[in-house]
Amino acid sequence: MPEKTAPEKTGPGGAAPGGRLAVRKTYKLYIGGAFPRSESGRTYLVRDAGGAELANTAQASRKDARDAVVAARAATGKWSAATAYNRGQVLYRVAEMLEGRAAQFAAEVAAAEGVDAEEAGRRVDAAIDRWVWYAGWPDKVAQIAGGSNAVAGPYFNFSVPEPTGVVAVIAPQESSLLGLVSVVAPVIATGNAAVVVASQDRPLPAITLAEVLATSDLPGGVVNVLTGATAELAPVLAGHMDVNAIDLTGAAPGSRAELERLAADSIKRVFGAGQDGASQDGAGHDGAGEDWAAPPTPRRMLAFLETKTVWHPMGT
Amino acid sequence: MQAESTQIQQGQATPGARAAATQSVAPWLAGAVGTEFSDAALRQVLLGLPGVDQVATQERTANLATRSIKKDAKLWALIMAVRMVDLTTLEGADTPGKVRDLCVKARRPDPSDPGVPPVAAVCVYPDLVRAARDGVAGSGVAVASVATAFPSGRASLAVKLADVAEAVNAGADEVDMVIDRGAFLAGRYGQVYEEVRAVREACGPAHLKVILETGELATLDNVSRASWLAMLAGADFIKTSTGKVSPASTPQVAHVMLAAVRDFAEAAGRRVGVKVAGGIRTAKDAIRYLVLVRETAGEEWLTAGLFRIGASSLLNDLLMQRSKQLTGVYAGPDYFTL
Amino acid sequence: MTGTDTTWEYAPAPQEQGIVAIKPHYGLFVNGEFAPATDGRTFSTLNPATEEPLAEVALAGEADVDRAVRAARTAFDRVWGPMPGAQRAKYIYRIARLLAERAREFAVLESLDNGKPIKESRDVDVPLASAHFFYHAGWADKLEYAGYGSTPVGVAGQVIPWNFPLLMAAWKLAPALAAGNTCVLKPAETTPLTALLLAEVCQQAGLPEGVVNIVTGAGETGAALVGHPDVDKVAFTGSTEVGKEILRSAAGTGKKLTMELGGKAANVVFEDAPMEGAVEGIVNGIFFNQGHVCCAGSRLLVQESVADALLDRLRRRLGTLRLGDPLDKNTDIGAINSRQQLDKIRELSDSGEAEGAHRWSPPCQLPERGYWFAPTVFTGVSQSHRIAREEIFGPVLSVLTFRTPEEAVAKANNTPYGLSAGVWTEKGSRILWLAQRLRAGVVWANTYNRFDPASPFGGYRESGFGREGGRHGLEAYLNA
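Chains as they are written, first to last, in my numbering: chain A, 1 to 316; chain B, 1 to 338; chain C, 1 to 480.
Hints in this document: simulated from the structure, not taken from any laboratory.
Heads up, a few of these hints could be off.
Computed Cβ-Cβ distance ranges for the label pairs, DEER-style [what the hints assert, rightly or not]:
id : chain 1 : residue 1 : chain 2 : residue 2 : range
1  : B       : L185      : C       : Q17       : 51 to 59 Å
2  : A       : D217      : B       : A65       : 56 to 64 Å
3  : C       : G428      : A       : A150      : 19 to 27 Å
4  : C       : N414      : A       : T83       : 24 to 32 Å
5  : C       : D308      : B       : V104      : 47 to 55 Å
6  : C       : G149      : B       : L185      : 50 to 58 Å
7  : B       : A65       : A       : T316      : 15 to 23 Å
8  : C       : G149      : A       : G77       : 31 to 39 Å
9  : C       : Q17       : B       : Y330      : 19 to 27 Å
10 : C       : Q17       : B       : E266      : 40 to 48 Å
11 : C       : R97       : B       : V104      : 48 to 56 Å
Glycine residues also receive a C-beta, built at the ideal position from the N, C-alpha and C atoms.
Please construct the entire structure, taking both the sequences and the accompanying hints into account.
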């Protein structure tokens with residue numbers, strides 16, 4: 001676990017010597033629409049790709065994870081009851097907010113991922129465009145994932161997709177914004193609520209994203225972001241009986257088997273499980289092998305949808 | 001909805017008891033709709049009955065049709081079915097001669113087998129009641145007459161009551177009336193109720209069967225409602241069809257009517273009978289109806305006093321199947337008399 | 001109930017058993033041939049209605065499971081995987097047709113081995129099984145339109161339960177084969193015979209060897225199969241408890257999984273329900289197949305305002321149920337499948353009385369030999385009773401009441417299960433309102449226990465995940 005010393009020189013927004021002193025951001029958790037510190041009081045030091053200190057970030061505890069699940073569960077009712085149109089509008093607003101803060105995100109991505117400003121800008125643009133793509137889905141998912149079934153009798157029979165409920169998401173370790181957006185947006189577009197474990201070493205864009213979510217009419221609790229040690233948080237969520245599904249994309253390869261075992265106790269739906277050492281689609285470890293730049297498919301939305309089939313007789 | 005008398009009254013009860021039983025229901029109905037049996041009030045009561053799902057009814061009757069009735073059970077059913085037949089002729093071309101032949105058959109369905117009992121009744125038009133009475137005299141076979149502008153029911157109440165009076169004066173034991181389907185479908189439930197009540201009164205000692213003409217009522221909900229309406233107005237039997245309209249009797253409508261008489265007995269303390277008519281030609285069909293009677297209404301209805309089958313060619317098929325059961329070989333139609 | 005003091009007794013109407021020739025010994029079906037287990041071990045399967053043994057069946061050990069998986073792998077790599085979908089379709093159509101042709105044979109065998117009434121195996125199990133093959137045959141050359149890609153997963157290891165032996169085999173094999181996978185199927189230990197007859201049908205259909213393999217046995221055989229490293233996909237239908245074990249053992253292996261587990265469905269009846277139909281639906285919901293149904297309507301939630309009236313109707317209707325010889329065409333309730341299951345039903349029913357619920361059964365004559373349990377209704381049940389929480393898997397109905405639609409939803413959803421639910425009301429908007437809120441993979445409105453190969457079936461939460469049937473059911477057997 002990274003050390004807990006506070007940075008003294010510069011962080012994001014740090015002033016050049018002799019210039020205006022920057023007001024440094026405190027990176028806290030995002031739970032239930034608010035930004036609390038960890039109840040454990042712990043923080044850890046986040047460094048940029050080159051090793052320079054960036055900021056102290058809250059180090060979430062088991063209890064924070066538990067609180068996040070409670071907040072997510074409380075939010076599912078309202079979020080899944082919202083019309084699909086409404087959800088699409090909210091997601092679009094997120095994209096609008098992201099666009100407005102693109103420069104800030106680019107700076108954070110450049111620092112976290114160690115790429116130049118131009119590449120960071122491309123990655124941020126891709127993230128925003130991806131969010132827009134998902135904003136268009138909520139009112140269409142039922143049309144590709146549901147439909148009427150031609151049963152052999154005087155019955156009207158139709159299948160509808162429904163959100164599974166609370167989804168724990170272990171975000172990619174390396175792709176701190178594009179990868180993050182790619183795993184979070186599909187979960188909430190379909191009406192689920194998410195408890196996200198951000199990249200352990202590159203968590204700052206996740207918190208900044210949380211700020212965007214908080215200002216986009218997204219009801220509190222629909223997305224919750226925990227920063228801290230993946231190895232500490234993932235098992236708590238995998239074993240939590242009130243979590244309906246878990247996305248293991250960012251989990252360390254050697255940890256997946258144990259997480260699946262924990263998930264078995266409540267018959268959780270597990271996405272992104274693979275043989276230890278590989279994700280299910282044969283990509284490399286902890287989702288880093290997944291090509292986030294490639295066009296997305298509905299796969300990640302369908303993974304967190306249940307199919308409900310309804311029958312009714314047709315007669316006079 | 002407690003019945004005033006604790007005894008369950010059967011279809012063939014005395015007029016006094018019948019009136020009393022109807023009275024035991026009327027307070028319930030009056031309580032529900034007030035003293036005026038207005039169309040609106042009756043509609044509230046009738047539409048307040050539990051709905052009938054058509055698909056569920058089809059499935060239930062299809063399931064009951066898989067009952068396999070063999071050997072002694074089959075023989076019992078065939079004989080019971082014979083006992084329940086209302087042997088019928090209702091043609092424009094009927095003559096006293098035709099009716100005479102019918103009565104001979106009715107009294108002795110199988111001349112070669114005295115073990116076969118007579119049928120329940122013969123069923124004719126009012127102007128042939130006298131001929132029928134002569135034909136069945138001394139046999140215990142009843143004479144049923146259709147009435148009330150059978151089969152259409154399209155005539156004034158005065159004409160209908162005159163029709164009934166003629167039949168009863170000629171000596172009919174039973175009267176099969178038709179309800180006014182036009183009035184029912186137009187929502188004039190009060191008129192339908194009043195006509196049944198008036199006919200019931202005009203019947204005097206004769207027992208009244210009320211034909212719903214289920215084929216024209218179209219929905220099973222209507223069959224249920226018309227059944228209750230007729231029973232509340234004093235019917236001794238409710239009957240599916242005139243046999244002149246298709247579809248006539250079906251297992252589905254019979255099931256609904258058998259459920260209705262069962263529930264009515266529970267509510268009002270009086271048992272009303274059910275008659276199925278029209279298109280029942282084979283012993284297999286008849287036995288399927290008996291299964292329906294038993295498993296829907298209950299064993300108490302497995303008697304000619306509470307269940308009848310209006311038919312003509314069915315009788316010989318019952319005899320043929322009986323012969324097959326007894327001898328082991330299939331019979332031919334020429335071995336059975338017309 | 002079988003009417004000792006009625007005027008009209010239905011005479012015995014036995015189905016001719018001679019149509020099926022039961023062999024004294026059955027081997028495993030591996031690579032297109034029947035053969036004994038490598039170590040020669042066998043087990044016995046008996047008729048639960050009489051407790052008489054029907055046949056000796058080979059008991060597959062690890063070596064046999066391995067042989068079967070290798071046969072499936074070879075068949076997948078060389079024959080079935082590369083085969084064009086249109087040709088796979090034809091084989092599967094043949095199987096569907098053969099099942100329809102030999103329908104009576106299968107129905108009799110199923111009733112003898114399982115204990116269910118011939119009326120059900122003849123009218124429900126066998127026709128649906130044939131329909132399942134027919135439906136899926138049509139998908140084999142149309143996979144690109146299903147939305148999950150056209151690449152099969154590989155070798156499927158499939159473990160099925162004893163309650164619908166032939167039908168569950170169809171539910172597993174048909175989609176897997178249509179999508180281009182090869183299969184190793186393990187039937188339940190108390191009901192192996194119709195799966196083995198199905199293997200004969202596969203031979204008759206000319207199905208290439210190794211495409212379908214049947215390994216008979218009990219828990220150990222199943223564990224060997226789901227644990228085999230060369231099985232790409234595991235499909236399991238059975239208890240939630242065993243499902244969790246399988247999930248734990250599959251963790252980290254990368255195997256694709258689907259689970260179809262237990263349930264404790266609520267059958268919700270409102271005061272404006274079509275009453276006659278609702279009573280039939282309740283009876284069908286819990287007494288069909290002796291209640292050995294994962295989606296059984298085992299909790300009746302009846303609106304308090306009509307509870308007494310409905311229960312009167314229900315009790316009267318239960319008086320016409322006929323319990324007895326499964327091979328009698330008039331039997332409605334057959335035998336409990338095993339001594340083990342009977343003990344479990346008894347234990348839970350006793351707990352119902354012990355916890356204060358009121359127990360009632362219609363008068364019922366139980367045959368002396370065989371495993372039997374009279375249809376039973378518990379009233380005065382609350383959510384905390386074991387009989388309201390635990391899956392009994394027998395002909396036992398627990399009756400609870402509710403006052404409002406919201407309360408009905410809350411009680412119906414108050415369970416870790418989520419497989420199915422029933423709703424009875426004449427009001428359309430209420431049907432849709434409830435359908436939306438009930439946490440169940442299948443919602444039957446004004447009907448119950450309806451199945452169709454085109455209709456996706458599966459549960460929420462601890463009733464499992466994944467769907468069988470319909471377009472959605474293909475997802476399990478394709479790699480997107």
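Going through the hints against the structure:
Restraint check, L185 of chain B to Q17 of chain C: a C-beta distance of roughly 53 Å satisfies the suggested window 51 to 59 Å. In this structure, D217 of chain A and A65 of chain B meet the distance hint of 56 to 64 Å, their C-beta atoms being roughly 60 Å apart. Our hint of 19 to 27 Å for G428 of chain C and A150 of chain A holds, since their Cβ atoms are close to 22 Å apart. Taking the beta carbon of each, N414 of chain C and T83 of chain A are about 27 Å apart, inside 24 to 32 Å as hinted.
Between D308 of chain C and V104 of chain B the beta carbons are some 54 Å apart, a value that agrees with the proposed interval 47 to 55 Å. Range check, G149 of chain C to L185 of chain B: Cβ separation about 56 Å, and the 50 to 58 Å hint holds. At roughly 21 Å, the beta carbons of A65 of chain B and T316 of chain A sit within the given window of 15 to 23 Å. Taking the beta carbon of each, G149 of chain C and G77 of chain A are about 35 Å apart, inside 31 to 39 Å as hinted.
Evaluation of the 19 to 27 Å hint for Q17 of chain C and Y330 of chain B yields a pass: the beta carbon distance comes to about 26 Å. Between Q17 of chain C and E266 of chain B the CB atoms are about 42 Å apart, so this pair conforms to the stated range of 40 to 48 Å. The given range of 48 to 56 Å is respected by R97 of chain C and V104 of chain B, whose C-beta atoms sit roughly 55 Å from each other.
Checked against the numbered hints listed earlier, the structure breaks none of them; every hint is satisfied.
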